[in-house]
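A.B. asks: Here the protein sequences come in this chain order: D and U. All letters in the first sequence, in the order written, are residues 2 to 114 by this note's numbering. All letters in the second sequence, in the order written, are residues -8 to 103 by this note's numbering.
None of these hints come from the bench; they were simulated from the model. In this text the structure is predicted, and so the values were computed from the model without any measurement. Incorrect hints may appear among the rest.
[To be verified] Calculated cross-link-like contacts (lysine to aspartate or glutamate; reagent style EDC-like; alpha-carbon spacing at most 16 Å):
1) Lys50/D - Asp76/U
2) Lys50/D - Glu9/D
3) Lys29/U - Asp10/D
4) Lys29/U - Asp76/U
5) Lys50/D - Glu65/D
6) Lys70/D - Asp86/D
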Amino acid sequence: AQSVAQPEDQVNVAEGNPLTVKCTYSVSGNPYLFWYVQYPNRGLQFLLKYITGDNLVKGSYGFEAEFNKSQTSFHLKKPSALVSDSALYFCAVLNQAGTALIFGKGTTLSVSS
Amino acid sequence: DAMVIQNPRYQVTQFGKPVTLSCSQTLNHNVMYWYQQKSSQAPKLLFHYYDKDFNNEADTPDNFQSRRPNTSFCFLDIRSPGLGDAAMYLCATRVLISEKLFFGSGTQLSVL
């Protein structure tokens, strides 16, 4: 069965520093991987996805993610964090049937000024 | 402009009293989803529709039902809410040729 794991409940970074939010996956077949962000009292917003091709995927708001097949990871990154990036981040994988997303438990990112 | 709209934003119900949550979309997407998100947990898929075809997850309690009268609207009915059903309920849509989901802002359900 497809699954993703986010090993960190919270990540704290200072504004201007690079950030990484970690995600590892376990899938049968080729992984379809996603990152979503959730701001307080809001629904989830799509950031980026990896289907195939370049291992470095660029997304919204300056975020990017690196797909690493040997480490079964799909970490979210940003070179320079903003206070406004503070939110809850979810990694997700498309289920085997291709019909729905399975989410990780989320990582809270806190960026301090 | 909001493309997936969920009403109400907050819903309070009593233990055992039926409640209905609604979702509408202006995207004309053929797939609609309901997810349940409890505090500090991953959103959990309850069911989804592909057009009018209903797909229930194996572990979704019988207490939860859904209706999709047309492409634009989808409803989540909780027949006898328990305290454990208090959660954020998220509606999402998708066009089948894309894997990207569009989410509404959610309905926060409280059960007293």
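A.B. asks: Are the hints correct? Go through all of them and say.
C.D. replies: These are the hints, each one checked on the structure:
This hinted pair does not check out: Lys50/D and Asp76/U have alpha carbons roughly 31 Å apart, beyond 16 Å. The suggested pairing of Lys50/D with Glu9/D is violated, with an alpha-carbon distance near 20 Å, which exceeds 16 Å. Proximity of Lys29/U to Asp10/D is assessed by CA-CA distance (about 15 Å); at most 16 Å being required, the pair is judged to hold. Our distance criterion of 16 Å between C-alpha atoms is met by Lys29/U and Asp76/U, whose separation comes to about 9 Å.
In summary, the hint linking Lys50/D to Glu65/D is supported, as the alpha carbons are separated by about 9 Å, within the 16 Å threshold. For the hint pairing Lys70/D with Asp86/D, the CA-to-CA distance comes to about 27 Å; that exceeds 16 Å, so the pair is violated.
The structure shown violates the earlier hints numbered 1, 2 and 6.
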